[in-house]
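Participant: Please build the complete structure, drawing on both the sequences and the hints.
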Amino acid sequence: MMAAVAAAPSRGIDRVRRAFQRFPFLPALIILVALLLLNGLYQPRSVSFIGITGLVKTYLALMLLSVAQTYVVYAGDIDLSAGAIVSLVNVVIVVLMEQWGGGGFAVLGAIGIGLCVGLGCGIVNGIAVAALRLQAIVATFATSIFFAGLALYVLPVAGDPAPAAFWRTYGGKFFGIPFVFYAAVLLALVLYGLARMRLSTQLLAVGDDPQAAFQSGLPVTAIRIKGYALCGLFAGLAALCVTGDTASGDPLVGGKMTLFSIAAVVLGGSALSGGFGAVTGSVLGALIIGLINSLVYFVGTPSEWQNLVQGLAILIALMAGVVVGRKARA
Amino acid sequence: MTAPLDLARQPFLVASALIVALLAVGEAISPGFAAPQQILRLLIVAALLGIVAAGQNLVILGGREGIDLSVGGVVSLSAIVAGNLMNGADAGIPLAVVACLATGALFGIANGLGVTLLRIPPLVMTLGMLGVLQGLLVVVRQGIPSGRAAPALSEFVTRSLLLGVPGIIWLWLLIGIVMVLLLTRTVFGHRIYAIGSNERAAYMTGVPVKRVRIALFTLSGMFSAIAGVCLLGYSGSSFANVGELYILPSIIAVVLGGTPLSGGKGGYPGTMAGALLLVILQSILTTVNIAESGRQMVFGAALLVLMLFYGRGRAMRA
Amino acid sequence: MSKLKLGGVSKTYGATVALRRGDLEVEAGEVHVLIGSNGSGKSTLCKIVAGSVRPDSGEVLLDEKPVDISGPGAARALGIGIFYQELSLAAHRTVEENICLPDLPRKAGFFVDREALSRKAARYIAMFEGVAGEGFAAEATMENLRPDQRQLVEIMKALASEAPILILDEPTSALDRSQVDRFFEILRRLKGEGRAIIFISHRMDEIFAIGDRVTVIRDGLTVGTSRIPDTNPAAVIRLMVGEQEALVAPAPAAAGAGVGAPVLSVRELAGPGFSQVAFEVGRGEILGFGGLHGQGQSAVLRALFGALPRISGDIALGGERFAPRAPRDAIRRGVAYVSGDRRRDGVIQGRPIIENLMPVHFLRGRQLIARPADLQAKAKPAVEALHTKLARLGDPIGALSGGNQQKIVIARWLIDRPDVLLLDDPTKGIDLSAKADLFALIRKLAAEGLGIVLYSSEDAELLANADRILVFNGGRVTRELTGPERTRYNLYQAAYEAA
Amino acid sequence: DTFKIGLSNGWVGSEWRTQMIEEAQAAAAAWKAKGQNVEVVVQSANVDVPGQIAQVRNFINEGVNAIIINPNSPTAFDPVFAQAKEAGILVIATDAEVSSPDAIYVGIDQKAWAEASAKWLAETLGGKGNVVAIDGVAGHPANEMRVAGYREIFSQYPGIKILNEVNANWDQAQGQQAMQNLLATYPDINGVWVQDGMAAGAWKSIMDAGKTGTIAATGEIRKDFIDLWNKEKLNSGASVNPPGVMASALNIAVLMLMGKELKQPATAGQYKNALYLPIPFIDSKNLAQVTSALEGKPGYYSYTSQLSIEDAEALFK
Ligand SMILES: Nc1ncnc2c1ncn2[C@@H]1O[C@H](COP(=O)(O)OP(=O)(O)OP(=O)(O)O)[C@@H](O)[C@H]1O
Ligand SMILES: Nc1ncnc2c1ncn2[C@@H]1O[C@H](COP(=O)(O)OP(=O)(O)OP(=O)(O)O)[C@@H](O)[C@H]1O
Ligand SMILES: [Mg+2]
Ligand SMILES: [Mg+2]
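Protein chains in written order, with this note's numbering: chain F, 1 to 330; chain Z, 1001 to 1318; chain X, 2001 to 2499; chain H, 3001 to 3317.
These are computed hints drawn from the structure, not numbers from a lab.
If you're wondering where the values come from, they're calculated on a predicted model, not measured in any experiment.
Positions of the beta carbon are idealized from the N, C-alpha and C atoms, including for glycine.
Where hints are given, some of them may not hold.
[What the hints assert, rightly or not] Only part of the chain H face toward chain Z is listed, based on derived beta-carbon distances under 8 Å:
1. S3155
2. D3171
3. Q3172
4. Q3174
5. Q3177
6. T3185
7. D3224
[As the list claims (entries may be wrong)] Derived contacts from chain H toward chain F, CB cut-off under 8 Å, selection only:
8. S3044
9. P3050
10. N3061
11. N3065
12. H3140
13. E3144
14. K3272
15. E3310
16. A3314
Facilitator: Below, the structure written as structure tokens:
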């Protein structure tokens, strides 16, 4: 009876709030557009077709890894081994492609095995965290050390080249459009499909309150393992992109990507506590990180200040994203 | 008597038992591993980690997904600041220690303000802060005189101070006692557990939630700063990024010590044992002559197994 | 033939015996009431049937065949639906998603069938049309709903299981009268369809309004079952409390007698959910807040305690201006606040009882050091005054039953005596004997010169204990009932008339 | 007109890298006196391989004339260097070799660098003794080349036995801890082969164990260490990987941009694209001379050397 009185003037605010609740990535989108404009202002060529192609080529891997991270974050978990999985899959496919002669079938076979390895690593994480009930942060840190060791075992030193067929495809064009754009479109479709999967809703419900989800009759352990499996699979896909962009095997290549993937997830508006977020945001978050790094250079920051300015800019973007998102939803 | 001790005791015993077991393994693999002198050296290394883990422990106890990833940056920065200020002279030590504590406190307060006033999740806030600190390191290193430790500091960390035991181990012991008293015998300690268990209820009973949490992050920064100074003494000269190694191990030490990342329960004695456990494990692996890939795999697997001893969460269906 | 039968189920948590030996027999087509004081094991029994707690021993029979309920999923498959006392909702999911969460309609195996989901949810939402309140919609997310609305969603979720056996563990504790009435209509219909329903409530009137049979649990033991027509409240209470004499409600307060100078006075108070609130509370007085659920009573109490932002108006404590910015300010000035939502606002979970008792004292006593012996000495009298059942002050608070936990939450305010005591539905989910203890104590505190404000969602409780009642409607005080005006009729009339 | 040269550095974790950039900037400024304007733009940050690829792409977008890179990977830049070449950009790698046929390498031979100090150690031990090695980051190409280098040398001395090899990730404190553990495990160590800054750490442990007189170990090139070397009279020898390599590469780049041609094309090394620079060596014989060269420098300053413009010109036709 009360609330009806005050309804009229707040309708517009209400709509904004609803938009931010439904699309948690709106703050990220705003930041991204601003960064694109600034990059274009300081270095017009960076937002040209070629510039954007380069951006996507370089950051497609981080986008995929951030997507991977998002699925575990949905359920309130985290995966500190995502980067190590990238390294492992990267060296596995490069070594296999080399051993099998580098032909078309060798490439496809190696990709298949690589994705299975990613999936397997994800399942191992899932079992450690969900079935054995170890705390996600520390358990996946332990598995990350294990996976990194395994990668080192598979390829003891960085530098094995990937077959030209592989990276020329990744870096090439078809009908005048770079391959990575096809990949990006495919990714969008896959993510659209995944968002409609029961698993996505279930992961988010688990993230909101695992005990409640369990009591509702959801197979919480299985759902969390599936989340990690999905994470491993997407980390495997990220490894394919890394391999495409770097054309070689490197047992250390993914190590630093883990923390960036977490930052991207947060920039994208997902809550690390689980239950709330969107993979779209994580994709935008990955691009934001890339654009911040190049903008810091394009505005002419002296070299010794670049790391600091990047760090500050990312911190501010993280804080702004969290605060704006919350204010807008409240 | 009071519960914090009760809760801390059990994991402490588990970790201690594991320490003894690991020492036995080490001694079996390479005779001399568990010799008193070597154990003292391991304790020095464990003390460095343990001091960082003290701050980490406090932040984690405070709940609300408390975690401090910026400890690594603070350790590095403090080692460099201390090195420059003392510049190899004993007279510079007091100033260096004060400056480092202030630096650590400053970044801790910044973390705390971000976490409380802006309500940024601690993982995010401190991850961002770590990036800032790493950038700052590059800037600070420009045009500095030197990064040498004062001789007295090096002595304190590596040479015997009392009863054949180096000063840093005494310092660690002191920190351990202070931490236990702080957590069990002070109002502040009770408040830490209260906000870690149910922040809202704490707020409704008059606990200054934000101030307590800011204080926790501040203390974490200060402990990291102390560790940074000690690390300078340990290695004799400052160099970049020394602290990065402490970020995740400090968290693992806390968890192996029986403080869950969800906060609100646990204590420091377990963390001390956890830190020592971690250092012993690493040392054993160094002395075993296998390829690095093997060492890493064994280390990762061993950590998982160790966590099974007490790091496990509650079953959904009790 | 019984639909569901429990034979000697038991459950212990460490040293706590939650359920000693639970026996229960429920038939199809009946509403079987389960009653027992706090911590007697009702919820534990329900959770065992629903598969979310693993029993230590005993058997469960469905249609007289023993079954193994291995988890909540298995229970659902066996045809058991449940309303959880503590709710089982996902805060960021929508109403319709929550209703269908246990069994999301699927399309092509992996995908959610959105249309089927909306259709399914709409059926249950429609059942509460008109009573669900402002802001309730299929697309609303849980975090934006009020507690009573969340409880309705949990009810819908339980109903959506369409299970032959329905377990309802205190489904009405946050609902207002119209919502309860609607719910009972639905229950009667389900009963007619032949469902077996287990219903738990602490409200005696509800039990007699809806129940067919009642089973009483005392200290984890089933002590008896009777047909509702063959029994009466007094008999049920006797069974609940055992050999002890049944506790009678305290005599109505002597209205206005012995009321001293105003200790708390409020003028033109306005804030989120209330406005133009004005009243005075004298020393020795118990002022009641009444009216339908959620008309601003709790918000006013929280505002007085400094726990609500953005309020305006004047508050005076003992004649001095008072503008609390945080509970800390209020506590320092001698204001105490007890919330009925103990899980959220009251209990510091996982910590020892003693730590749950002391925070207020730390603040009021300006303490820095916590000496265990000193704390014990201070805590003992407060705990004993409330007849709290506990083994040691060092035990974790989780070892106590809900009612005893609430007593601890109240006891923490008694170590340093406050001037004003704000009670925000303090007996929610507390059993009858604990309630009696509590109100005796409140009266005693009033007699010692405290000013007390009591909001209760139970009218009988309010009428029996408040010297004066302010009836809230739409965020304002619409009527004041004093002396002989304090009748159930007047209270309802004031509560239900349009604001 | 002006040559615009991009310097890409993917790791800022050590002062050596900072000095490398500073020397290169100074070298660019020196060209002005010769009447050639050289503008350097720098990207220097902690990045992973994809991040450094992004740095190169930024340079391409900006349209620089040449890129000089201290690469985080030997092979990962093949595609992006090909792209740079298409855009007419000269690419020179320094400090770590790259496999790309579209780039040349100007720097020291990391394997030869390790061989020199291993040889010193073997000779100092008189061709026999127990040796341990403390390596950098396992899997890192520069580390692996160095490991191959010392292993090859030690295998030529039948009396030298490698007891253990551990990785301390180019971290001084980890080097110190590793040495401490090794000393506890092997009481009979005669020699330690250790790289870069970890040497200071290893030596600290050796000194703490009171074994300064009985153990010979390789050293490093920072002033702090050289001072310690003098003071404690360490039995040490150090190959120099001078931070000046990037400055040398820059001088070569400018000459190539001027259209000059190398007398001997860069075809050395495993990737057949390397131009190796000389590797200075420090031992007791020239310690005094090195010490005076470092006089007045900060403690973290590394002993350096570079191709002067004249030296570089001498390499061209
Ligand atoms: N109105 C409220 N009701 C319940 N809990 C609250 C309320 N306001 C704040 N809290 C809880 O208490 C926490 C701290 O709130 P608050 O802003 O008042 O801190 P504080 O302890 O008073 O800090 P300060 O010392 O800076 O005043 C919040 O994060 C929130 O969880
Ligand atoms: N998870 C648990 N861990 C420890 N003790 C528990 C747990 N759950 C319940 N108990 C204890 O078991 C006893 C029975 O609890 P239960 O919740 O079944 O009581 P109840 O009859 O539902 O009470 P109420 O009317 O307050 O809801 C109580 O003493 C309670 O403290
Ligand atoms: Mg109950
Ligand atoms: Mg406040």
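Participant: Work down the list of hints and note, for each, if the structure agrees.
Facilitator: Hint check results:
Taking 8 Å as the C-beta cut-off, the interface hint given for H/S3155 is violated, the closest approach to chain Z being about 17 Å. The closest approach between the C-beta of H/D3171 and any C-beta of chain Z is roughly 7 Å, which is under the 8 Å cut-off, so the hint is satisfied. Residue-level restraint check for H/Q3172 holds (minimum Cβ-Cβ distance to chain Z is 5 Å; threshold 8 Å). Annotation: interface hint on H/Q3174 holds; nearest CB of chain Z at approximately 7 Å, less than 8 Å.
Restraint check, H/Q3177 versus chain Z: the minimum CB separation of about 6 Å is within 8 Å; hint holds. Among the interface hints, the one on H/T3185 holds; its C-beta lies about 4 Å from the nearest C-beta in chain Z, closer than the 8 Å criterion. A cut of 8 Å between beta carbons decides the hint on H/D3224: the least distance to chain Z is about 5 Å, and the hint holds. Interface hint status for H/S3044: upheld, as the beta-carbon distance to the closest one in chain F is roughly 4 Å, under 8 Å.
Taking 8 Å as the C-beta cut-off, the interface hint given for H/P3050 holds, the closest approach to chain F being about 5 Å. For the restraint placing H/N3061 at the interface with chain F, the shortest Cβ-Cβ distance is roughly 4 Å, inside the 8 Å limit, so the hint holds. At about 15 Å, the closest approach between the beta carbon of H/N3065 and any beta carbon in chain F exceeds 8 Å, and the interface hint on this residue is violated. Interface hint status for H/H3140: upheld, as the beta-carbon distance to the closest one in chain F is roughly 7 Å, under 8 Å.
Given hint, H/E3144 at the interface with chain F, holds; its Cβ is 4 Å from that chain's nearest Cβ, closer than 8 Å. Interface hint at H/K3272: violated, since its Cβ lies 14 Å from the closest Cβ of chain F, which is beyond the 8 Å cut-off. Interface hint status for H/E3310: violated, as the beta-carbon distance to the closest one in chain F is roughly 27 Å, over 8 Å. The closest approach between the C-beta of H/A3314 and any C-beta of chain F is roughly 30 Å, which is over the 8 Å cut-off, so the hint fails.
In this structure, the earlier hints numbered 1, 11, 14, 15 and 16 are contradicted, and the remaining ones agree with it.
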